[in-house]
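Q: Take the sequences, apply the hints, and build the full model.
Its first residue numbered 1, the sequence shown is counted upward by one per residue in UniProt numbering.
Simulated from the structure, these hints should not be mistaken for laboratory data.
Some clues are possibly wrong.
Said to hold, decoys possible - Each computed BS3-like pair below joins lysine-lysine, with the alpha-carbon atoms no more than 25 Å apart:
1) Lys-174 with Lys-60
2) Lys-319 with Lys-174
3) Lys-171 with Lys-319
4) Lys-60 with Lys-171
As the list claims (entries may be wrong) - Quick list of simulated restraints, FRET-style, between CB atoms:
5) Asn-66 with Val-214: 21 to 27 Å
6) Gly-411 with Phe-191: 25 to 31 Å
7) His-262 with Ile-329: 24 to 30 Å
8) Leu-332 with Arg-201: 43 to 49 Å
9) Leu-332 with His-198: 35 to 41 Å
10) Trp-320 with Tyr-410: 41 to 47 Å
11) Glu-409 with Ser-170: 49 to 55 Å
12) Ser-95 with Lys-60: 50 to 56 Å
The structure presented is a predicted model; accordingly, all values stated were derived computationally and were not measured.
Glycine included, C-beta positions come from ideal geometry on N, C-alpha and C.
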Amino acid sequence: MFDGVPSQTASPPPSPRPNGGTEFLDLEGKSATDGGKLVAGGKLREKVESYGSQTPRTRKQIVAGNVQCFSLCFSYFLIGWNSGSTGPLLPRIQSAYGVSYVVGSLIFILSCVGYLCGAFMNVWITDKLGFGKSVGPPFAWFIFFNVVNGIGIALQDSHGNGFVGSLTYSKATKRGIYHAAYGLGAFASPFVATQFSHMNRWSFHYFTSLGLAVCNTFMQAIVFRFRDHSTCLLEGGENVHALAEGKDTGKLKQIISHKAVHFLGFFVMIYYGVEVTIGRWIVTYIIDERHGGPNSGYISSGFFGGLTLGRVILLPINKWLGEHRVFYIYALLSLGLELVIWFVPSLVGSVITVSVIGLLFGPIYPISMNRAARILPPWILTGAMGWIGGFGTCGSALVPFITGAIAQEYGIKSLHPVYALFLLWRSVA
Numbered sequence: 001m002f003d004g005v006p007s008q009t010a011s012p013p014p015s016p017r018p019n020g021g022t023e024f025l026d027l028e029g030k031s032a033t034d035g036g037k038l039v040a041g042g043k044l045r046e047k048v049e050s051y052g053s054q055t056p057r058t059r060k061q062i063v064a065g066n067v068q069c070f071s072l073c074f075s076y077f078l079i080g081w082n083s084g085s086t087g088p089l090l091p092r093i094q095s096a097y098g099v100s101y102v103v104g105s106l107i108f109i110l111s112c113v114g115y116l117c118g119a120f121m122n123v124w125i126t127d128k129l130g131f132g133k134s135v136g137p138p139f140a141w142f143i144f145f146n147v148v149n150g151i152g153i154a155l156q157d158s159h160g161n162g163f164v165g166s167l168t169y170s171k172a173t174k175r176g177i178y179h180a181a182y183g184l185g186a187f188a189s190p191f192v193a194t195q196f197s198h199m200n201r202w203s204f205h206y207f208t209s210l211g212l213a214v215c216n217t218f219m220q221a222i223v224f225r226f227r228d229h230s231t232c233l234l235e236g237g238e239n240v241h242a243l244a245e246g247k248d249t250g251k252l253k254q255i256i257s258h259k260a261v262h263f264l265g266f267f268v269m270i271y272y273g274v275e276v277t278i279g280r281w282i283v284t285y286i287i288d289e290r291h292g293g294p295n296s297g298y299i300s301s302g303f304f305g306g307l308t309l310g311r312v313i314l315l316p317i318n319k320w321l322g323e324h325r326v327f328y329i330y331a332l333l334s335l336g337l338e339l340v341i342w343f344v345p346s347l348v349g350s351v352i353t354v355s356v357i358g359l360l361f362g363p364i365y366p367i368s369m370n371r372a373a374r375i376l377p378p379w380i381l382t383g384a385m386g387w388i389g390g391f392g393t394c395g396s397a398l399v400p401f402i403t404g405a406i407a408q409e410y411g412i413k414s415l416h417p418v419y420a421l422f423l424l425w426r427s428v429a
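A: Right, dumping it as C-alpha cells:
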C-alpha cells in the first residue's frame, strides 16, 4: 500500500554507544557522534538517547502498562461513541431543525474545523503541557460545540495513536485492541442513540456522552497524571528510543517536510471519509430507499460492529497474507458488496451486507497506523499522528458533505454511486 514511500528511518533506531557517548541523527538519517554540537554546514542533529532496558519488565511495570492501554482504549471508545451517535440521530436532527441534507452536513464540516485546530495545537501542547493534559472536552451541545468536540477528538486521537505506536511489548496485540475500542464505541452508541431518537427530548442523548466524557477526563488524569509521553512509557517498562531536542517550530517543520506523513494523510483522508459516510448516511438511505422502520438506526451498529470484529478476528489473516496484499483484497471485496447494496433492493440483504463491509473496513486504519509507526521518526510520531488524523477528519467532513449535497440534488439514492467512486479512489491511493 505504501511501499515506495520515502522514509527517514529505514534503519532501526540507534542504540547507546558502549562508551556512554550519545548517538546523533541528522534529518537525513546519517549518524555521527559530535558531543551535541552542530556539525559543519549547519545541519540540525537530533539527539537520540536510548532509555529503558531490554530486560524483562517487572510486574509493577506490566500492570502500569496495561492500565495505560486500558485508559487509552476508553478514550478511543469515546471517540467511536461520538462517531456512531450521529447516524441514528441524523434523520431526527433534520426533522427537528427542518434542515436539508446540505445544512445537516455542516455538522461534519464544523467537526473538521475543530479537529484541524486540535491537530495544529497538538504539537505545541504535547511538549508544553505533557501527555495527560490532552484530554478532550465532551461533545455536549450540538452544532456550535462541534468545533470544541473536534479539538478534543484530535488531541485524544493523535496522543493515543502516538502512544500505542511507541510501544515495544505486545505492540501488535495492543494496537489491535486499541483500534477495536473505537469500533466498540461506534457499535454501542447507535443502540442508545436510536432509543433517544424516538423521544421528544432526543437531545438528552448527549448527557450520556457527557457522562462518558467526564469519566474519561478523570481516568486520563489519574492514570497519566499530566506527565510527558516518555515518562509514561518508562513507567510501563517500555523502551524510549529517541527524544528530540529543539523548538516546537522545528518539530512542526520536520512533520510538514516529511513526505510519508502526507502520503499517509492523503490515504487516511479517503478511507476515513468513506467510513464515516457509510456509518452516518446509511441510516437515512435505508429509511428513505428501503423503507426501513424507526429502528433502522441499529444498522449503523451493524456496520461498526463488523468494523470492531474486523480489527480483531482478521489479524491472523493479515499476518498470513501480508498487510500490503490484504489491503487490496479488502478494498475490492468492499466495492463488490457496495454494488450489491446498490442494485439488490432487499432490506435484510442491505443490513447484512453493510455489516460485512464494516468487517472488511476494520483492519484498514490499524494497518495504516502500523505503517506510520514503522516509517516515521519516533520523536515526531505523536505530532505526525495528529497531522495525519487532521487529513482523515477533512475526509470525514468533506465526503459526507459532498454526499449530502449530491443527495439534496438527486436524492439519497445517489449515495451508493458516490460510495463506489470513493472506494475506487481509495484503492488507487
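Q: Checked against the structure, which of the hints given earlier come out wrong?
A: When the structure is compared with the hints, none of them turns out to be violated.
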